[in-house]
Amino acid sequence: MTSSSKKLAMILDPVEHIDARKDTGFALALAAQARGWQVYCTEIDRLCWQQGDVRAALQQVQLNDPLSVKTPDHAHPSFVLEEQRWMSLDEFDAVLMRKDPPVDSRFLYATHLLAAVRQAKVINNPTALQTCNEKLSLFLFEDWAPPTLVSNRYDSIRNFVDDIGRCVVKPLDRMGGQNIFVLDADDPNCNVIIETMINQSHHQNDFVMVQKFLPAIAEQGDARIMLVAGEVVPFAIVRHSPDGDHRANMVFGGQVDIRPLTKNEIKRNQIIAKRLYEQGCWFVGVDWIGDHLTEINITAPTDNRYLKQQVDTDPAEQLIIAIEQHLS
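Converting from the sequence shown to our numbering requires adding 14 to each position, the first position being numbered 1.
Don't take each hint at face value.
Claimed, not checked - Below, computed lysine to any residue pairings styled on SDA-like, alpha-carbon distance capped at 25 angstroms:
1. K36 x Q52
2. K226 x D176
3. K277 x D326
4. K226 x P160
5. K226 x V270
6. K226 x N205
7. K21 x Q332
8. K21 x Q76
9. K36 x Q74
10. K20 x M101
11. K288 x L154
12. K21 x A130
13. K277 x E156
14. K36 x G50
15. K21 x Q73
16. K135 x F121
17. K36 x L186
18. K277 x A336
19. K288 x D114
20. K135 x D59
21. K288 x V252
What the hints assert, rightly or not - Taking CB as the label site, the calculated pair distances span:
22. R167 x A129: 30 to 36 angstroms
23. R132 x D271: 41 to 47 angstroms
24. P202 x A48: 51 to 57 angstroms
These aren't lab readings, by the way, just hints derived from the structure by calculation.
For clarity, every value in this text was computed on a predicted model and none was experimentally measured.
Using N, Cα and C, we set each Cβ at its ideal position, and we do this for glycine too.
Let the hints inform the model, and build the full structure from the sequences given.
The following block contains the structure:
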């Protein structure tokens, strides 16, 4: 089978909400197109299962990279979509699940449908997407984690903050720095922040993650390291918080620089890469602050386009090549 005959289905957020200058899902589609794949896109609300066949309403797409054209965006739209049609996902060689969090019931039900795909290679593995939570996958590598508590009890969280000192609290199902707060035991807002975080669903106590605040983020930043098909991309995407904010995420104005990994960083991240790849996680973003592992992003890791722009390393292309090698 030649690469020109390969077909890729991508499950994305609505394309009108995608910033093609930054989005890693777009970069993956672009890399596949550059290697001769036919690329189609759909959304999780367009999936269905009927009589053993997982189907989706898909649109073939032609992509234009806004970073490579010098004319205004409207002259070269990032997504040129053809007419929508229903197709079996087993008509494709590969399916990439790139729906951003929240990892809610819709997301999880979609992974159950994708687990029923029989022939196409689904990445990341749908079962792994169900079991490897963005935050809770940290349990697999707890020796590298900062002091951490996962709980839905106010008293447990309050006692942890009193014992540990300054902490960060975050929901288990979000991304991009959403709903992340710093907790200080002597802050008069500490109690209400805890109450708000564990009562976001309004009908039951929500589990949250509480971690010791790591001052190293101020100087060293938050380092995103990409793992592709069991291998470590040898650069860190270092995100620095803007003035007056504890979050280093780009959506909140964080700044990025790229640096090569040390031998020790490559060694320890290779341990993570190998274990997750064995579970079917081909495309992963691992976050470090200093020597502490803070998150493992499996659903839709981002920020990869900075590597392509600054050091001409493209994890998206590496993934497509790895898929081709798997299919050959």
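Here is what the structure says about each hint:
1. K36 x Q52: 22 angstroms, holds
2. K226 x D176: Roughly 11 angstroms separates the two Cα atoms, so the pair holds.
3. K277 x D326: Holds - the C-alpha atoms of D326 and K277 are around 20 angstroms apart, at most 25 angstroms.
4. K226 x P160: Roughly 6 angstroms separates the two Cα atoms, so the pair holds.
5. K226 x V270: Distance ~24 angstroms between K226 and V270 Cα, so the pair holds.
6. K226 x N205: Distance ~17 angstroms between K226 and N205 Cα, so the pair holds.
7. K21 x Q332: 17 angstroms, holds
8. K21 x Q76: 13 angstroms, holds
9. K36 x Q74: Judged against 25 angstroms, a Cα distance of about 21 angstroms means the pair holds.
10. K20 x M101: 15 angstroms, holds
11. K288 x L154: 12 angstroms, holds
12. K21 x A130: Distance ~19 angstroms between K21 and A130 Cα, so the pair holds.
13. K277 x E156: 21 angstroms, holds
14. K36 x G50: 22 angstroms, holds
15. K21 x Q73: 12 angstroms, holds
16. K135 x F121: 19 angstroms, holds
17. K36 x L186: 24 angstroms, holds
18. K277 x A336: With Cα atoms ~23 angstroms apart, K277 and A336 stay inside 25 angstroms; holds.
19. K288 x D114: 24 angstroms, holds
20. K135 x D59: 20 angstroms, holds
21. K288 x V252: 23 angstroms, holds
22. R167 x A129: 30 to 36 angstroms: The hint (30 to 36 angstroms, Cβ to Cβ) holds, given that R167 and A129 are roughly 33 angstroms apart.
23. R132 x D271: 41 to 47 angstroms: 44 angstroms, holds
24. P202 x A48: 51 to 57 angstroms: 55 angstroms, holds
Hint compliance for this structure: no hint is broken.
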